[in-house]
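J.: Okay, here's what each chain looks like letter by letter:
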Amino acid sequence: MSSANDVIIHVEGLGKIYEQGKPNEVKALDDVSIDILRGEIFGIIGLSGAGKSTLVRCINLLERPTSGRVSVDGNELTGLDPAGLRKARRKIGMIFQDFNLLEQSTALENVCFPLRISGSGRQDAEKRAGELLERVGLAGKEGSYPSQLSGGQKQRVAIARALASDPDVLLCDEAVSALDPTTTNQILELLQEINRDLGVTIVMITHEMKVIEKICSRVAILADNHIVESGNVSDVFRNPQTDAAKKLILPSGGVEPFDGSGRLLRLVFDGTTTDKPIVANMVLSCGEPVSIVAADTKQIDGKTFGQLIIQLPSAAGSAERMMAYLDSENISYTEETDV
Amino acid sequence: MFESKFLGLVITGFFETIYMTLAASLLAYMIGLPLGVFLSVSRPEGISPRPLLNKICGAVVNLLRSVPFVILLVAAIPLTRLITGTSVGSSATIVPLVIASFPIVARSVEASASSVRHGVIEAAQSMGATNMQIITKVILPEAVPSLITGAASSLITVLGFSAMAGVCGGGGLGSIVINYGYYRGETGIMYVLIVVLVLLVQIIQEAGARLSVRSDRNSKSSN
Numbered sequence: 001m002s003s004a005n006d007v008i009i010h011v012e013g014l015g016k017i018y019e020q021g022k023p024n025e026v027k028a029l030d031d032v033s034i035d036i037l038r039g040e041i042f043g044i045i046g047l048s049g050a051g052k053s054t055l056v057r058c059i060n061l062l063e064r065p066t067s068g069r070v071s072v073d074g075n076e077l078t079g080l081d082p083a084g085l086r087k088a089r090r091k092i093g094m095i096f097q098d099f100n101l102l103e104q105s106t107a108l109e110n111v112c113f114p115l116r117i118s119g120s121g122r123q124d125a126e127k128r129a130g131e132l133l134e135r136v137g138l139a140g141k142e143g144s145y146p147s148q149l150s151g152g153q154k155q156r157v158a159i160a161r162a163l164a165s166d167p168d169v170l171l172c173d174e175a176v177s178a179l180d181p182t183t184t185n186q187i188l189e190l191l192q193e194i195n196r197d198l199g200v201t202i203v204m205i206t207h208e209m210k211v212i213e214k215i216c217s218r219v220a221i222l223a224d225n226h227i228v229e230s231g232n233v234s235d236v237f238r239n240p241q242t243d244a245a246k247k248l249i250l251p252s253g254g255v256e257p258f259d260g261s262g263r264l265l266r267l268v269f270d271g272t273t274t275d276k277p278i279v280a281n282m283v284l285s286c287g288e289p290v291s292i293v294a295a296d297t298k299q300i301d302g303k304t305f306g307q308l309i310i311q312l313p314s315a316a317g318s319a320e321r322m323m324a325y326l327d328s329e330n331i332s333y334t335e336e337t338d339v
Numbered sequence: 001m002f003e004s005k006f007l008g009l010v011i012t013g014f015f016e017t018i019y020m021t022l023a024a025s026l027l028a029y030m031i032g033l034p035l036g037v038f039l040s041v042s043r044p045e046g047i048s049p050r051p052l053l054n055k056i057c058g059a060v061v062n063l064l065r066s067v068p069f070v071i072l073l074v075a076a077i078p079l080t081r082l083i084t085g086t087s088v089g090s091s092a093t094i095v096p097l098v099i100a101s102f103p104i105v106a107r108s109v110e111a112s113a114s115s116v117r118h119g120v121i122e123a124a125q126s127m128g129a130t131n132m133q134i135i136t137k138v139i140l141p142e143a144v145p146s147l148i149t150g151a152a153s154s155l156i157t158v159l160g161f162s163a164m165a166g167v168c169g170g171g172g173l174g175s176i177v178i179n180y181g182y183y184r185g186e187t188g189i190m191y192v193l194i195v196v197l198v199l200l201v202q203i204i205q206e207a208g209a210r211l212s213v214r215s216d217r218n219s220k221s222s223n
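Just so you know, the protein sequences line up as chains A and B, in that order. Residue numbers for the first sequence follow our numbering, so the first one is 1 and each next one is one higher. Residue numbers for the second sequence follow our numbering, so the first one is 1 and each next one is one higher.
Keep in mind that a hint or two might mislead.
[Stated by the list, open to error] With a straight-line Cα cutoff of 27 Å, these simulated DSS-like cross-link-like pairs (lysine-lysine) come out:
1) K127(A) to K55(B)
2) K141(A) to K137(B)
3) K137(B) to K22(A)
4) K247(A) to K298(A)
5) K87(A) to K55(B)
Calculated directly from the structure, the hints in this document are not laboratory data.
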């Protein structure tokens with residue numbers, strides 16, 4: 001393992017326009033730049049249509065970007081010839097929402113596929129594939145066809161297949177979106193294990209904040225074809241700067257004051273303050289009621305984060321008194337102005 | 001009415017028909033299989049887009065498919081003579097049969113190859129597979145059940161064409177029906193042969209359907 005600040009995926013000024021120059025031209029990505037560090041689990045989140053699938057497909061050039069550059073492990077993919085690109089792709093594993101297994105091949109044959117196409121002998125390939133299937137918890141399923149496996153098992157086969165060529169990077173395109181919550185958690189745990197044990201850098205594309213919260217260390221938020229916000233997951237969660245981030249973090253969507261008046265405050269508590277009755281104390285000390293508009297708690301990096309949107313009384317001075325109280329208690333809050 | 005001389009005739013005709021159908025189908029697949037795969041992968045959305053060549057090949061295939069077989073049979077006589085030295089008999093008939101059936105085979109293979117899910121092909125690309133590897137290790141194996149169904153229906157088409165070739169001395173069961181049933185008015189043998197042809201078609205159809213289902217690993221009923 002190299003140093004912690006070692007960039008493995010460098011995306012610079014990436015743009016993708018479909019049907020460029022034609023009347024039905026569609027801009028899918030606009031000037032996207034990201035640095036992903038070796039060994040981390042990096043999340044890219046966005047609502048559907050934000051361009052996140054296009055972005056991940058541009059990382060291994062399944063989609064050729066219209067502009068910009070992509071480098072993986074110091075190798076500039078956008079400058080490679082087809083043979084060089086194929087060789088580079090062997091070090092970039094990818095798993096998909098609908099698994100994309102060979103339906104007419106067994107689990108073992110599926111995992112053998114990347115080994116066989118890179119020239120391994122049948123016996124070596126089968127031995128390694130058997131080990132990988134065991135690694136992902138599918139010992140005994142070698143001879144099963146995908147149609148005989150559950151969704152979670154299929155994704156495990158796909159993970160084993162992606163790991164077969166010892167990749168440095170694993171791209172996950174909505175890898176858990178087709179799975180139920182229990183299976184989702186199991187697959188996320190497996191990915192975390194793989195990241196920890198093998199040091200594989202993982203890029204998670206998802207539309208679900210809970211996936212990011214569960215396993216990612218850093219996150220980029222994609223909205224309207226560009227990155228609107230990025231950083232450590234706990235920072236972005238604690239203090240979302242953009243509408244898109246707020247929408248994703250508090251999935252109830254845009255919050256609205258109950259009666260159209262009164263200022264809205266977003267309070268974020270971390271593990272150290274959630275055991276105090278902050279809101280109740282604030283109401284008691286200020287002598288005026290507040291309305292709770294939305295509330296949510298989350299686990300990020302093993303810490304509990306609570307999030308609350310309250311509507312302050314519209315009476316003159318009371319909002320200021322309450323904010324002063326929160327300041328004195330060291331509670332971070334932001335005013336919601338965009339509702 | 002069904003005398004022993006007919007029995008020999010029917011047996012000979014039967015084997016001639018089988019021979020023409022199988023030989024012509026085999027040759028048609030030797031041209032049609034690669035052509036069909038090419039038509040599929042060279043589509044604009046395929047793995048190796050070649051829009052112009054795709055259009056040209058598609059146009060040739062469509063042109064050949066739109067010539068009625070009886071006309072093709074006559075029009076191909078010079079070529080048939082050039083290749084086989086004669087224009088009558090079952091071996092000669094194979095030439096027009098191949099010309100008429102390879103475009104049908106090509107379109108059927110194209111449809112099978114194009115039915116393979118794009119995601120599976122994308123996964124292979126993400127693993128660094130070459131286009132040739134994608135064709136031989138992904139598209140064709142994944143399309144096997146569909147290719148078998150297509151092969152059964154192509155065989156049936158060729159069988160039908162081979163019977164039609166009886167009109168101009170093509171040999172096989174078709175010739176017997178024309179010569180005895182039509183020119184001589186011996187309707188008995190004609191009905192017998194119709195039954196034989198219907199049975200043949202049914203056997204091919206049924207065998208194809210069963211093979212296709214048995215080979216398909218993507219259905220829980222199999223294996």
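J.: Any of the earlier hints contradicted here, and which numbers?
T.: 1, 3 and 5
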